[in-house]
Amino acid sequence: MTHPRGSAANSAAMSAALSGAVDLSALKARAEASRNQPPSAAGRPEGTPAPPSDTVLDVTEATFQSVVERSLNQLVVVDLWAGFSEQCQQLTAVLERLAGEGGGAWVLAKVDVEANPRIAQAFGAQSVPTVVAIAGGQPVDAFSGALPEPEIRKWLGSLLDALRDRLPGIRAAEEARGPVEEPEDPRFTEAEEAFERGDYAAAQAAYERILDAEPANELAKNALAQVKFTARAEAADPSAREKAEADPKDIDAQLAAADLDIAEQDVEGAFRRLVDVVRRTAGDDRNRVREHLVALFELFDPADERVMKARRDLASALF
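Residue numbers (our numbering): 16 to 334.
One should not assume that every hint holds.
To be verified - Below are the DSSO-like pairs computed for lysine-lysine, each with C-alpha atoms no more than 30 Å apart in a straight line:
no., residue 1, residue 2
1, Lys169, Lys264
2, Lys264, Lys243
3, Lys324, Lys264
4, Lys324, Lys243
5, Lys125, Lys169
6, Lys236, Lys324
7, Lys324, Lys258
8, Lys258, Lys243
Unchecked claim - So the derived label-pair ranges between C-beta atoms look like this:
no., residue 1, residue 2, range
9, Asp180, Val71, 24 to 30 Å
10, Lys324, Gln241, 41 to 47 Å
11, Arg224, Ala77, 40 to 46 Å
12, Pro263, Gly172, 29 to 35 Å
13, Ala318, Gly118, 23 to 29 Å
14, Glu199, Glu111, 46 to 52 Å
15, Ala297, Leu226, 40 to 46 Å
16, Leu226, Gly160, 18 to 24 Å
These aren't lab readings, by the way, just hints derived from the structure by calculation. Ideal Cβ placement from N, Cα and C applies to all residues, glycine included.
Using the sequences provided together with the hints, build the complete structure.
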């Protein structure tokens, strides 16, 4: 799968190919003229034109010119697909849904490449599915293959942000629909539902899958820490603190006791307990306790004074 985002060479190649199918020079001139005109001169009584209601179009070679012209006002996303490809079917379903959510800020132009091979050739498409973004009569970005929905959302969002001042239809559509709640990430929904029903193993697995794809996702990191802690705390021996007091060398009891301390809101006591264990242990035992303590830190805001103090105490105990 290729993802030639922002590739100047790729964009130039597509522009050259497309110029044989539509009159890009004329479109570009009209786009520039439209941007330089005041609203009244462009035929808009006040502000920008209302976004069109149709956001998903089936495009043929006969209608392709009008779709490119439409890119003077709004972002056009061309979906080059073929009926034999299951990937195409999956990607098209996602794009159709996102186009509906977009409310006219962008339009999806679906092209069956088997029935309209010249359009695919114009874009230099080597495989399907291929998705090409057009703005102001010119290709501006593209990707090949069925990207995950979160990546497609990011791709569209970056394009809309970059083109909002160039294409009046984007802002008009956004203003018409008003504030829109950020759609829930289905990956997080799966994890949260598992957590709510007490299936901590499934919730942990779901968050770990998110982190496999996005290692820097702080929301998933924090949620995973909460899931692991909740599972441990619910499974902890209620007598762990008594065992820890009776045998300071019992590492399992010390860790379980710290979890119980946190669960009962004795945060400082939990931190102090494990820092003390770090001071009197060495080797693998010390490292195990240190890692457990650091995992407990992740349950709180890094700027929490209790966490900051415990981190200083831990550093002192280690060095």
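Taking the hints in turn, this is what the structure says about them:
1. As the CA atoms of Lys169 and Lys264 are separated by approximately 51 Å, the hinted pair breaks the 30 Å bound.
2. Only pairs whose Cα atoms come within 30 Å are accepted, and Lys264 paired with Lys243 is accepted, the gap being roughly 24 Å.
3. Between Lys324 and Lys264 the CA atoms are separated by roughly 24 Å; this keeps the pair inside 30 Å, and the hint holds.
4. Annotation: proposed proximity of Lys324 to Lys243 holds, straight-line Cα distance about 23 Å (limit 30 Å).
5. Restraint check for Lys125 and Lys169: the C-alpha separation of about 20 Å stays at or below 30 Å, so the hint holds.
6. As the CA atoms of Lys236 and Lys324 are separated by approximately 22 Å, the hinted pair is consistent with the 30 Å bound.
7. For the hint pairing Lys324 with Lys258, the CA-to-CA distance comes to about 27 Å; that is within 30 Å, so the pair holds.
8. A distance of roughly 22 Å separates the Cα atoms of Lys258 and Lys243; the hinted pair therefore holds under the 30 Å criterion.
9. Separation of Asp180 from Val71 is about 25 Å and conforms to the stated range, judged on CB atoms against 24 to 30 Å.
10. Lys324 and Gln241 have their C-beta atoms about 22 Å apart, which leaves the hinted 41 to 47 Å range violated.
11. The beta-carbon spacing between Arg224 and Ala77, approximately 45 Å, falls within the hinted interval of 40 to 46 Å.
12. Distance hint check: the CB atoms of Pro263 and Gly172 are about 54 Å apart, inconsistent with the given range 29 to 35 Å.
13. Separation of Ala318 from Gly118 is about 38 Å and departs from the stated range, judged on CB atoms against 23 to 29 Å.
14. The hint said 46 to 52 Å for the Cβ distance between Glu199 and Glu111, and at roughly 19 Å that hint is violated.
15. Checked against the hint of 40 to 46 Å, the pair Ala297 and Leu226 fails, with Cβ atoms roughly 31 Å apart.
16. Roughly 23 Å separates the CB atoms of Leu226 and Gly160, a value that falls within the hinted 18 to 24 Å.
The structure fails to meet hints 1, 10, 12, 13, 14 and 15 from the earlier list, while all remaining hints are met.
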